[in-house]
Amino acid sequence: LPRNVYMINYQKIKISFVRACLLAVCVVCLSAPLGATETTQSGKAAQIQAQAKKGNIDAQNALGKMLATGDGLKQDYTAAQKWWLKAALKGHAAAQNNLGALYENGHGVKQDYTEALKWYKKAAAQGLAVAQNNLGALYESGSGVPANYTEAFIWYSKAAEQGYAEAMNNLASLYANGQGTKRDLKQ
Numbered sequence: 017l018p019r020n021v022y023m024i025n026y027q028k029i030k031i032s033f034v035r036a037c038l039l040a041v042c043v044v045c046l047s048a049p050l051g052a053t054e055t056t057q058s059g060k061a062a063q064i065q066a067q068a069k070k071g072n073i074d075a076q077n078a079l080g081k082m083l084a085t086g087d088g089l090k091q092d093y094t095a096a097q098k099w100w101l102k103a104a105l106k107g108h109a110a111a112q113n114n115l116g117a118l119y120e121n122g123h124g125v126k127q128d129y130t131e132a133l134k135w136y137k138k139a140a141a142q143g144l145a146v147a148q149n150n151l152g153a154l155y156e157s158g159s160g161v162p163a164n165y166t167e168a169f170i171w172y173s174k175a176a177e178q179g180y181a182e183a184m185n186n187l188a189s190l191y192a193n194g195q196g197t198k199r200d201l202k203q
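Read in order, the letters of the sequence shown correspond to residues 17 to 203 in this note's numbering.
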């Protein structure tokens, strides 16, 4: 009987010890890195904001993205639009595409397909594959422009030639349905 009592007590002690170790690991491993990450992110955001205010168009685009996604900063589409517009007006293709997406989806601005089309065209003309795909999608759906499968085919092709996977899928759909091109199930 005394032997069983010792074993039971040993099991309780062993379980308590394991729980204490796990708790200590959780506190050390989870709390410290989270705090470090927050500090790193806020430091990164401050650096990017400083560069954006100095007129760095890459920083303006990055700050717009951080604001739009809530990455390191509070999500704010209106502020994102402000920073993307600054960079877009200076010819930053990614910022132009991002503005197009804001207008297409009505995030922080009134939804306006004509304005989305304008910004996508500027970015697509610079060879940005995602903008070429987005432009093709507007032509395919007839958003902001009359539906035009031939134009959609042209823009999807340009993006697909750069290896943009979504454009390849969109192009395959046009081939399969014979829209904007001759039907070709092999393509």
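Everything labelled a hint here was simulated from the structure, so no lab data went into it. Treat the hints with care, since some could be wrong.
To be verified - Computed cross-link-like contacts, DSBU-like style, restricted to lysine-lysine with a CA-CA straight-line distance of at most 35 angstroms: (1) Lys81 with Lys98; (2) Lys98 with Lys134; (3) Lys126 with Lys106; (4) Lys102 with Lys126; (5) Lys90 with Lys102; (6) Lys134 with Lys90; (7) Lys137 with Lys81.
Only a predicted model underlies this, so the values are computations on that prediction, with no experimental measurement involved.
Inset, instruction - Give me the numbers of the hints this structure contradicts, sorted from smallest to largest. - result: When the structure is compared with the hints, none of them turns out to be violated.
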